[in-house]
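Q: For the record, the sequence lines run as chains E and S. For the first sequence, the residue numbers in the numbering used here are 5 to 249. For the second sequence, the residue numbers in the numbering used here are 14 to 224.
Be a bit skeptical, because a hint or two may be false.
To be verified - Quick partial rundown of chain S residues pointing at chain E, CB under 10 Å, derived from the structure:
#1 T53
#2 E59
#3 V114
#4 T131
#5 M133
#6 P138
#7 A145
#8 P146
#9 I153
#10 R155
#11 I167
#12 F186
#13 Q188
#14 K198
#15 F216
Stated by the list, open to error - Just a sample of chain S residues kept apart from chain E, beta carbon distances all over 12 Å, derived:
#16 E58
#17 I71
#18 P91
#19 D92
#20 E126
#21 D160
#22 T166
#23 Q181
#24 D183
#25 K207
#26 Q215
#27 F218
#28 L221
In case anyone wonders, no lab produced these hints; they're calculated from the structure. Where is the CB? At the ideal position from N, CA and C, for every residue including glycine.
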Amino acid sequence: MKTIYILITALFLSTTSSYAQLEGLLGDIMEEVQEKVGDAQQDAAETASMKEFKNELKEILAGINGLDKYSSELKCIYLILKLASLDQGLEAKIQNAGNCKKKYDLYGMQLMVKASYTGIGYCFDSLTELLDESNSSELLELIRDYIELKNLAIDCIEEYGPNLDSCKIPKGTSKLERDFIMTVGSAITTYDTFSDGIDDESWDNGDRISYILKLLSYLVEEYNPVSALAKSIEIGANMSALPCK
Amino acid sequence: MNYIKLNLALFFSLTILLNSGCGEKKNSRVKESEKEPYITEEILEEVLDEIQAKQNPITEKLKKLTPLSSTDMDAWMPDKLGNLHRVNYKTNAMPASFTFVTIARFKSLNTSEQLDITLMDGAGPMGSMAIAPFLDLERITRATSTDEGFQKTITKNGTVYIQKYNEQDDTYFLQFTNKDRFIVKIETQNITEKSLWEYASQFHFNALPKI
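I would like the entire structure built from these sequences, with the hints used as guidance.
A: Written out as structure tokens, the structure reads:
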């Protein structure tokens with residue numbers, strides 16, 4: 005019953021169309037989760053983790069407001085990547101959670117992430133439209149902008165510790181913008197990691213563009229609101245199956 | 014009973030989704046700055062056509078596989094390579110890319126010898142896309158030699174290796190794919206060509222899973 009309550013509450017988010025509404029509803033859903041799902045005997049650490057999670061989610065969704073100089077598509081990619089990263093992190097924690105109540109809590113958090121995708125439904129519409137062949141000039145512009153971000157991010161990846169000398173992100177860049185550049189830019193650096201050392205004329209930009217397009221298609225297919233809601237049902241079933249529900 | 018409720022919830026959610034608006038869209042375009050001139054609309058259209066036409070059987074298989082876990086990689090990655098000790102190691106080193114990349118650095122405690130390995134598992138939806146351009150390294154047949162060093166393609170036991178050397182900083186670069194599933198890059202500093210191959214052979218690539 006608790007699961008159904010969360011699901012129904014989460015569905016309200018699917019009607020949201022602006023961040024302000026989303027933020028308000030996020031607050032509501034978190035309160036409901038705390039009240040309905042959270043056990044009265046929930047320990048302090050779990051309560052703190054829920055609070056921390058709520059703030060993290062709010063921060064991510066608020067981030068979009070401070071990045072006006074970037075295109076709406078790039079901001080959307082940022083939001084999707086941030087939520088997807090949270091989603092993946094929770095998935096890993098769920099797999100390793102030994103404690104039933106902890107697992108239940110984590111599932112609840114994952115439901116909130118899934119619900120958040122519905123709040124940025126316009127992002128998926130916009131990217132799907134762009135990925136349509138008929139919009140190739142706009143798509144080209146997005147790819148160029150994306151590669152610029154990747155070029156900024158690539159030398160700032162601290163694989164073996166801080167490498168501030170080679171990092172091209174200007175000093176004074178806000179923490180949010182730095183996170184934006186690193187999150188969006190880093191998503192396509194795998195290609196560069198393995199192609200940079202190869203010096204050959206057969207190695208052209210076609211492969212790079214193809215990789216960017218496939219990444220975008222993957223994000224749209226994997227995390228769109230319909231897919232997220234379908235997965236929410238799966239999560240709900242998993243929660244119901246837990247002995248501590 | 015719960016399943017009926019779950020199905021109802023799904024039905025309502027889809028109805029709401031289909032009827033809801035698409036939300037506001039920010040209109041600001043990215044700042045006007047230097048664009049990369051070599052990416053043209055023609056290239057983009059070619060790529061779009063290729064994506065639609067190409068169905069690579071290897072990447073299709075890889076797509077359905079689960080990438081290695083950090084625990085698997087912990088068991089595989091050696092602590093030592095001859096006289097080189099592992100000084101840095103990270104699994105899932107590029108989480109934002111949705112691919113499973115592992116990096117490790119090995120160093121000599123007495124000399125300036127150093128070896129870095131970067132390895133990506135091509136399993137999974139994103140891994141299979143990321144490895145795709147590197148599955149046909151044999152297309153790189155051009156050997157170059159300059160005052161600074163050389164690049165060549167070598168085939169050993171059926172594996173195609175791209176090998177590069179930079180004389181200025183005495184660095185070797187070796188890249189290859191393993192069993193059409195892993196892409197491996199090894200970079201060294203102050204290590205001879207003979208030692209490069211000796212160290213490379215100490216990684217148990219045969220123990221890595223197949224497609």
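Q: Against which earlier hints does the structure fall short, listed by number upward?
A: 11, 15, 16, 22
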